[in-house]
Structure formats: C-alpha cells, structure tokens
Amino acid sequence: MTAIVDYGVGNLFSLQSSLRSLGVEAEVTGEAERLRAADRIILPGVGAFGDARAKLDETGLVPVLLEEAGRKPLLGICLGMQLLFDRSFEYGEHPGLGLVPGEVAFLGEDLADKSLKVPHMGWNSLEIVKGDPLFKYFENGEYVYYVHSFYARGCRESTLGASRYGNVAVTGAVRRGNVWGTQFHPEKSGDAGLRLLRAFAEL
Amino acid sequence: MLAKRIIPCLDVRDGRVVKGTNFEGLRDMADPVELARFYNDSGADELVFYDITASAEGRGLFTDILRRVASEIFIPLTVGGGIRGLEDFDRVLKCGADKVSVNSGAIADPSIIAAAAKRYGDQCVVLSMDVKRVDGTFRLFAKGGREDTGIDAMEWAVRGVGDGAGEIVLNSIDTDGVKGGFDLEMLDALAARVHVPIVASGGAGSREHFAELFTHSGVDAGLAASIFHTKQVDIKDLKRFLRGRGVEMRL
Chain A
1 MTAIVDYGVG
11 NLFSLQSSLR
21 SLGVEAEVTG
31 EAERLRAADR
41 IILPGVGAFG
51 DARAKLDETG
61 LVPVLLEEAG
71 RKPLLGICLG
81 MQLLFDRSFE
91 YGEHPGLGLV
101 PGEVAFLGED
111 LADKSLKVPH
121 MGWNSLEIVK
131 GDPLFKYFEN
141 GEYVYYVHSF
151 YARGCRESTL
161 GASRYGNVAV
171 TGAVRRGNVW
181 GTQFHPEKSG
191 DAGLRLLRAF
201 AEL
Chain B
204 MLAKRIIPCL
214 DVRDGRVVKG
224 TNFEGLRDMA
234 DPVELARFYN
244 DSGADELVFY
254 DITASAEGRG
264 LFTDILRRVA
274 SEIFIPLTVG
284 GGIRGLEDFD
294 RVLKCGADKV
304 SVNSGAIADP
314 SIIAAAAKRY
324 GDQCVVLSMD
334 VKRVDGTFRL
344 FAKGGREDTG
354 IDAMEWAVRG
364 VGDGAGEIVL
374 NSIDTDGVKG
384 GFDLEMLDAL
394 AARVHVPIVA
404 SGGAGSREHF
414 AELFTHSGVD
424 AGLAASIFHT
434 KQVDIKDLKR
444 FLRGRGVEMR
454 L
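So the sequences go chain by chain: A and B.
Straight run, no breaks: the first sequence in this note's numbering ends on number 203.
Straight run, no breaks: the second sequence in this note's numbering ends on number 454.
Just so you know, the hints here were simulated from the structure itself, not pulled from any lab data.
Keep in mind that a hint or two might mislead.
Stated by the list, open to error - Only pairs whose alpha carbons sit at most 25 Å apart, straight line, appear in this in silico DSS-like list of lysine-lysine:
hint: 1; chain 1: A; residue 1: K55; chain 2: B; residue 2: K297
hint: 2; chain 1: B; residue 1: K346; chain 2: B; residue 2: K335
hint: 3; chain 1: A; residue 1: K72; chain 2: A; residue 2: K55
hint: 4; chain 1: A; residue 1: K55; chain 2: B; residue 2: K321
hint: 5; chain 1: A; residue 1: K136; chain 2: A; residue 2: K72
hint: 6; chain 1: A; residue 1: K130; chain 2: A; residue 2: K72
Keep in mind the model is a prediction, meaning the values are calculated, not measured.
Please model the complete structure; the sequences and the hints are all you need to start from.
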C-alpha cells in the first residue's frame, strides 16, 4: 500500500486518481500507524513552506516520517520535495526535514534575465543528470509540469534531473538513499508523469 | 526552457459541450468527458472548462463531469464560469481543478482575487478578461462581453496581478469569432504591463495564427475552442508544425 500523507495541505484528488489509474493501492492518511504499515510514502504539498511545515508539525508525523524514510521509499512532490531539504527562505527562514542536503530559495533571485516570469509555470523538459530506477520508464528530455516560485539549490550531489529556465538549472528530481523528490507534479505531467509514478510504485 | 502551451476550451451547459462540435470517429463529441479524453490523447497541454449553466441542476452535472475528467485526465485543469466566492473555488478544487478562473465574479467583487490567492496560492487564481476597444482604449467588459464596465482593462489586469492573480486569460472581443488571428496589439499591451503568464484567446483560425502568436514572446499560451472542436486544426499537427517553426512545444 502507498500512503499519501494528509496534513491539510493541497489537493490530493489527482494524486490519488493517478495512482488508482495505475492499479496502485493508495491511501490518503494522517495516521502514524498507516505510514508505518505502508510499503512506500508520498509527501505532497502546495502553498507556502512555513504554513506547510507548521501543519506537518501539528500532525505529530514528523518523527514518524524521519524514521520511516530510513526503511522504505519516500517521495516528496512539489512543496513536499522542498520540505525534504535543510531549510527554506520562503517568507523568512524555516527548517525543513533535513533528509536531503540543500536549501530552498526564491527562483527570481537567481534568474539573470528579469523578463522571465516567476512562478515558473508550465511544461519544461527534464534533463536526466544521473540514472535512477525512478526513470525506468522515463526518457531523457521528456516534458513535465511545474508550478512554483521557489526552488532547491546547493543539492548537486542528490540531483537526478533538472530543467533549464534562463540561466538557472531548476532542480527537478532528487534522491538521497530511500528519499526521492520531484519539484514538478508527476500527477499532472500526462503519460510521462504516470510512468514516473509507476516506477516509484515498483521500488 | 518552458514550452508554449496549447489549450482547448470546453464550454459546458447542462452537462454538454456547446460550441460547434463536429467530430467524426468519436461516439459523442458533445460529451465533455469523451472530448477531454480525446484532447488529452492529442497532446493538449491543459484543459479549460467553462460552466455556462444557469441552473443548480446543471451545476451539479458540471461538478460530476469535472470529477470524472479529473480522475482520468492527468494534465492541468482550469475551471471557470459562475465563480463568485471562495465557496465556488472550494467546490471546483475539490472536484480536481488545479486553477480557477474568475471574470464577472471579480468585477462584482474584486476582493475575491486576494482572498482566493491567500487561501489557495497565486498559481491557482486565473484572471480572465473580456476586452474590447472603445474610444481608442482597451475597455473591460462584463457578462460574457455584453456589458461595458467603463474600466480600463490594462489597469484592471495590473490591479488583479497585484492582488495575487497568477495568470491572465485575455479574450479579445474584437477578434473573437472572426478567425482572423489573435489580437497581437492587445496582447503586447498587456505583456508590457504584467509579469505573469498570459493566455491568448479569441481569433484563432489557422495554424499560422498560432505561429504568429508565439513570435510575441510575452505570450505563454494560445487558447481556442471551435477550431479544435470542429477539427479544423488538429492539436497534434499544430504542435508539430509549431515546433518546425522553432516554437518550443511538448510533443
């Protein structure tokens, strides 16, 4: 069973539907016991980092996630990926879960061409920089759907794939041990995204 | 780099797609779920659903359709029509919409933009505007383009983005339905004033019109309804054609 962490952030409808369409048994849950019982865990999220971190803390699930991340595959999506890092500078400074080394900063700050729009929204091609079982059914350069204004940096060692936006290589997918993350939304990235989720479900 | 987006738009009334649907080889082209599936398979980058229903019964049908589309189509969905308050945002987001488009609802109560952006994030709020030239200025129209609000459209867009709208759909009443090309002058005027993604709407009649549109770098996406519904332009062909013209496209 794949557990989708419910901590009151974001719309889980599409994520659940996409897994269901792949025949993957998925359960939206906010219970520690269910996360412990799961074969793998997905941490979703949209919105602002500080709010999401506060809500995650309120659920009391952080120690469970940290513990389970050492035992089974964990995938953070969009803000859920950003939460995996050490810290974020979105409206102040907030601590992340520290599962992947790196930090989350405003994309606009690093873009040399100020005419580029932020949020980085739409389909961008993902260039694979490190082969991984996550890309078992995914081809280099396929397009994935992004919508975000902050991005992960200082995480070169963990980066599996990135998308070019002006002068910035936007961190698209990361991995450290059992922990994976995608800045883009696989559940909104059409067939390519579904293939990526299928690979995760087979880990 | 980011690809330019091609977006078919489905106007739904009482559970059926209403604008000129004339497909062959598909069971029922007026069925929104079937049509959404078709567009998904043809490479559409996003789908827009407008609910043009008036009755509560029709609205119920619409949310049911949305739920069915969202449970099998895994590309972004934008929903508009009859969005007047946060409860409307909530209703369609729960059915699987990713973005919500406001038009007349924001004219009646502009505070809806800031309230929705605060609750759901800027990326979720799309400001849709119907604009027409009046006395040499771009004027904002309400009620599906029937009523001149007297408001300067460019000022309205700047204000909306300031309040948190994360994207703008600009529908030119002057070019809409004419199939003579998008309103490039109006789009350029908007791109010079706001720094969020701009979706061009109104006037698409051929593949060349899209090629011309994307030479204007401030435009991020092209939206159309009838030329796609009637299959006058096939999305797959269009995207290959545009890539051949040097436009970045997801194929």
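Consistency of the hints with the structure:
no.: 1; hint: A:K55 x B:K297; verdict: holds (19 Å)
no.: 2; hint: B:K346 x B:K335; verdict: holds (13 Å)
no.: 3; hint: A:K72 x A:K55; verdict: holds (23 Å)
no.: 4; hint: A:K55 x B:K321; verdict: holds (16 Å)
no.: 5; hint: A:K136 x A:K72; verdict: holds (18 Å)
no.: 6; hint: A:K130 x A:K72; verdict: holds (21 Å)
Of the hints listed earlier, there is not a single one the structure fails to meet.
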